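K.L.:
Using the hints, position chain B against chain A.
If you're matching them up, the sequences are chains A and B in order.
Here the first sequence stands for residues 1 to 144, numbered as in my numbering.
Here the second sequence stands for residues 1001 to 1424, numbered as in my numbering.
What the hints contain is simulated information worked out from the structure, not anything from laboratory work.
In this text, all values refer to a predicted model and were calculated from it rather than measured experimentally.
Glycine included, every Cβ here is placed at the ideal spot set by N, Cα and C.
Warning: the hint list may mix true and false statements.
[Claimed, not checked] Keeping only pairs whose Cα atoms sit at most 27 Å apart, straight-line, the calculated DSS-like set for lysine-lysine is:
id, chain 1, residue 1, chain 2, residue 2
1, A, 18, B, 1383
2, B, 1260, B, 1058
3, B, 1399, A, 63
4, B, 1032, B, 1052
5, B, 1005, B, 1015
6, A, 18, B, 1399
7, A, 63, A, 9
8, B, 1035, B, 1399
9, B, 1260, B, 1089
10, A, 18, B, 1414
11, B, 1143, B, 1196
[Said to hold, decoys possible] Pulled from the structure, derived: some chain B residues nowhere near chain A, Cβ distances all over 10 Å:
id, residue
12, 1023
13, 1047
14, 1403
[As the list claims (entries may be wrong)] Ranges between beta-carbon positions, derived for each pair:
id, chain 1, residue 1, chain 2, residue 2, range
15, B, 1354, A, 140, 47 to 55 Å
16, A, 18, B, 1076, 56 to 64 Å
17, B, 1338, A, 133, 47 to 55 Å
18, A, 59, B, 1385, 34 to 42 Å
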Amino acid sequence: MDITKYTIKQISVFSENKPGRLAAIAGALQDEGINILAFSIAEANGFGVVRALVDLPEAAYKKLNAMGFMVSFTDVIAVKMRDVPGGLFEMASVLSEAEINIEYSYAYSGREAAVLILRVDRVDSAVEKILAHGGTLLSVDDFS
Amino acid sequence: METLKGEELHALQAKRLRWTVERAGNVPFYQKMLKEAGVRPEDIQTVDDVQKLPFTRKTDLQGGYPFGFMAVPMKEVVRIHTTSGTTGKPTVVGYTRQDLDNWSELIARNLTMIGLTDEDIFQNAVNYGLFTGGLGFHYGAEKLGMTVIPSATGNTRRQIEMIDDFGVTALHCTPSYAMHIAEVAEQIGTTLPTLKTGIFGAEPWSANMRKVLEEKLRLTSYDSYGMSEMYGPGAAFECPERNGLHIWHDMYLAEIIDPKTEEVLGPGERGELVVTPLMKEAMPLLRYRTGDITMFLEEDCPCGRGMKIARLHGRSDDMLVIRGINVFPSQIEHILRSVPEVGDEFLVYVDRVNHLDEMTIEVEINRNAFRGELEDLTRAQNKVVGALREALNLRTRVKLVEPDSLPRYEGKAKRVIDRRGDEL
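Only chain A is shown next, with the shape it has when bound in the complex (with noise of 0.2 Å):
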């Protein structure tokens, strides 16, 4: 099985709590014409990191670096939820099992389906489970 398949970059990008930077983040990623699919922002303290899916993470990385922003690339992998009563808790459990840590995630609106974005610490166990479970993972090409 092809785990790297499921890898997905995420961008991660530190930012000062300050007006205009999401903006400024954003607006960089439309110059290049660059899609974002998902993005969620962590805040701590006056500063925060702004994450985010696109379809060229290489290319956003390249720009976002070149503005001077501070980036970094997070490995994250993208669940398809089933959308019945339960489809959380399923998923949860699975990952619970193999006592893998969710660090954090955020949601989207996929075309089909809701998308849960996890960061686990273990990408590979992670990916092995869901998918020995007969879960949906999105792939990098469904990203591109």
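P.N.:
Just chain B now, kept in the frame of chain A:
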């Protein structure tokens, strides 16, 4: 002594200056300095001969760490104090028994001048320990015979309770702490009716702040000035006229110079205060550059006492006084260098929040310290806060900013934005 004038004063000062130069000869640094300047004690005949002497800088004292500037054997040194410490090493000051006695006398003189007597109850709400303000005032107040409460700092509610329960009439603390006491007292609902005198010092306070403090605490406030190198507080003090501070001419020979050209300035001209203590035994100093900016007031004081200096607000270097603790930007730089997660460019903002000094330091996060996780950043932030607290003994706020976002300077950097100004 306090009202000595003209010839008589000059003769006394010249005699004591000669004595000080003689004693300074026991310190290797001064031995060399006097030799190079070609000045012998007998060359000091008049007060103006002080100008033959070279200046002593704070860095010179740091170079003598710890006991290099003692002019007496250590067995005659009965106490040491230190400054809060700059880049690396603090300045150590030593006292003989006679020095401590002189210092207490000086404090007692100041307290007497503002009308305090052995009938008064005195709460000394400053840091005891290495800071000279605690023990200095403590022994001076005891010498006068006041009832002294060594309350030190902290636990403001307890401080207020003591003022009320013990019937405290005079309070000594930093002006910002006085403001805090006033606020907490208001919350508790006491007007602190017994307080009549406030002695505030160790950090600059504006005329505006004085007005508010006096209204809130219903007392008369007096400004106190000094520094560890001149024993501690008490070197200059406001008399009941409260228009400038008398710098005690029998104990200190004061000059005002242009900090750049080192030219000696006259009354009414603002410059750096240079002090030669005239009675210090353990640690004589010659023309010590205090770094404090002030001027001699031109008019004689109606009280009849000697020369006055204007209240102090600025420094010739970029030293900051935060809650009574001296902080040099170079010190902050030094600390930041020890934290690899951040760069060494920084900006310091100083504000007065709820009447207490707050220092916020903006520092750039290092690119290689960020792997994309928020906790990389909070860890780095906490590390910087911890390192600053450890070294400065101050709680600071640390703001992480983006790499290369702080201004770069060629030559002298402007790293401090002091927004305390004339606000409260």
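K.L.:
Hints first: check each against the structure and report whether it holds.
P.N.:
The hints, checked one at a time:
no., hint, in the structure
1, A/18 to B/1383, "holds (23 Å)"
2, B/1260 to B/1058, "holds (16 Å)"
3, B/1399 to A/63, "holds (25 Å)"
4, B/1032 to B/1052, "holds (15 Å)"
5, B/1005 to B/1015, "holds (15 Å)"
6, A/18 to B/1399, "holds (12 Å)"
7, A/63 to A/9, "holds (16 Å)"
8, B/1035 to B/1399, "violated (50 Å)"
9, B/1260 to B/1089, "holds (26 Å)"
10, A/18 to B/1414, "holds (23 Å)"
11, B/1143 to B/1196, "holds (20 Å)"
12, 1023, "holds (53 Å)"
13, 1047, "holds (55 Å)"
14, 1403, "violated (6 Å)"
15, B/1354 to A/140: 47 to 55 Å, "holds (53 Å)"
16, A/18 to B/1076: 56 to 64 Å, "holds (58 Å)"
17, B/1338 to A/133: 47 to 55 Å, "holds (49 Å)"
18, A/59 to B/1385: 34 to 42 Å, "holds (37 Å)"
The structure does not agree with the numbered hints 8, 14 stated previously, though it agrees with the rest.
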